[in-house]
Amino acid sequence: MIDMHDVHLRYPSGNVVLQGANVSIAPQSFQYLTGASGAGKTSLLKLMMLGLKPTSGNMEVFGQDVAHITADDIPQIRQKMGVVFQDFRLLDHMSIFDNVALTLRVRGAWGDGSHADVKDLLDWVGLGDKLHDFPQFLSGGEQQRVAIARALIAKPAILLADEPTGNVDPAMGRRLLRLFVELHKLGTAVLIATHDTSLLKLYPATCLHLEHGTITTKQVAA
Amino acid sequence: MFAPGAWHHYNQAGGRVTTYPAPARIVPTQTLVGRAFVFVIAIMTFLACLCVGISACVVGTVNEWDSRISRDITVQIRPIDGVDIENSIKTVLELARATKGIKNAQPISDTAQKELLAPWLSDSVDVSILALPRLVAIEIAPKAQPNISALSQVISAKVQGVSIDDHRVWRDRLQYSATLILGACAFIFMLIVLAAALTIAFATQGTLASSRHVVEILDMLGAPHSFIAGEFQKEYFRFGLKGAALGGLAATAIFAGLDIARILGSMPDIGLIVPITQLSIGIWGYIALLGAIIFVALLTALISRFTTLAIIDDSHFWARD
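So the sequence lines, in the order shown, correspond to chains A and B.
Going by our numbering, the first residue of the first sequence is number 1, and it counts up by one from there.
Going by our numbering, the first residue of the second sequence is number 1001, and it counts up by one from there.
Quick caveat, the hints were computed from the structure, so don't treat them as lab data.
Keep in mind that the hints are not guaranteed to be accurate.
To be verified - Computed footprint of chain A on chain B; a stretch qualifies when at least three of its residues, placed anywhere within it, have a C-beta under 8 Å from a C-beta of chain A:
1. 1023-1031
2. 1213-1225
Claimed, not checked - One-sided and incomplete, this derived list gives chain A residues near chain B with beta-carbon spacing under 7 Å:
3. S37
4. R78
5. Q86
6. R89
7. M94
8. D98
9. V106
10. R107
11. A109
Values in this document were obtained by computation on a predicted structure and should not be read as measured data.
Think of the CB as a built atom: it goes at the ideal place given N, C-alpha and C, for glycine as much as any other residue.
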């Protein structure tokens, strides 16, 4: 699904994020991405969602070599992904219902049953009574859940989540993790970037640890 | 904050009815230039429609004059010593009436001739003492195309001191003047369209700059650039249509006012070469005005679409290196 071989990433400022990283995200896999704050977890996720171009190395996303991908190919690839941003990136002028529905609208997947799907998902993340509320009137945790619902509504092949439990209480964090696990069981590959090691114990899985630009893989035991 | 519009309500029979609000606008309203833009488009459409309407008036008037005078031929017979001018008139009339396609040929009476000269001669001058040429008016039958040059040759051969005027010089000048006016109108129209296009492009740039975060989110969610451009196009088409309708209707009101005044005969003759009450854009003129309104609205939509596409394509990081 996503394969990186000897990938380097250096920002124009000279800051080196990745030095020969090797990562493989297989279909239907469940993995964590850990690392200290500032280690480059967000940059790695951006790279995977084609928000950045690797400086060097080989990288394939959904079987397409990134070196040969054009700007016109990117939307099609991103439509197979669900992304949860650390800073939520919700649109303040739209209700939370519309924010979640936006994913379906931009992908041309808005149909008869979409209203009910959006409502059900928002119900599930505990926001069923706030469909018409606007993001700026929600707490950080609630905004986080809207962002997750927006990433999941289109049933992506892969979910890339950047600190998805960072702004929610432990109970909601566990609930969201269960949601990701359920999603994984339905066949979606999940990669969760987190610094919260307690999550790893709740649902053990492969862990990609990013440190000093290199990635090490380890299996977390229960 | 609860937006109006419930998800469920009950009808009079007690049945549960589910209603859904319309999808929200993707481009934030506060980033759109709004009312000022509508006003600018209205002014430009008004000016463009004036150009179109004036062109329609010119075409209509010139065609009417041309069709009127192109069916008339004037034969002028100068008095020559020793030549009976009445006999010459009779010959001209006979030759004209015998020609196929000539509907009528009549000598212009002394009274009518005096009236023609009245603007140049005072009433006190006795026209009968002047050695004035006599005139014969020949009227061509509608849709007929008689051989005028052959008729001219025959008349010239048989009648002395005759000259035949088919108004070609006047008609050529009329066509030339009309072409000049139409050319000027077309040039002004193109300038207005250019100014409108630039205004729309600048307005779209402004909206894009203040909606940058929206474009980024749409991009991250996998929106094709055509989808993003379509959203901006939709908003600007609304504004364009509103502005074009306002400006176009204002211009239409002016031309409709002229038509009403013409029908009622309530407009005074203010001394123009063409009495203002004779100006009418006609049904095709009104259709052209409608076309101008639709053109401006579509132009607004297209310019905003292409501006959006150009900006997001150029600024996309993937295209930069």
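Right, here's what the structure says about each hint:
1. 1023-1031: holds (count 7)
2. 1213-1225: holds (count 12)
3. S37: Nearest chain B Cβ about 22 Å off; hint violated.
4. R78: For A/R78, the interface hint holds, since the closest Cβ of chain B sits about 4 Å away, which is under 7 Å.
5. Q86: Where the cut-off is 7 Å and the nearest Cβ of chain B is about 13 Å from A/Q86, the hint is violated.
6. R89: 5 Å, holds
7. M94: Interface hint status for A/M94: holds (5 Å vs cutoff 7 Å).
8. D98: This interface hint holds because 4 Å falls under the 7 Å limit.
9. V106: A/V106 check passes; min Cβ-Cβ to chain B is 4 Å, inside 7 Å.
10. R107: Since chain B brings a Cβ to about 6 Å from A/R107, closer than 7 Å, the hint holds.
11. A109: Since chain B brings no Cβ nearer than about 10 Å to A/A109, farther than 7 Å, the hint is violated.
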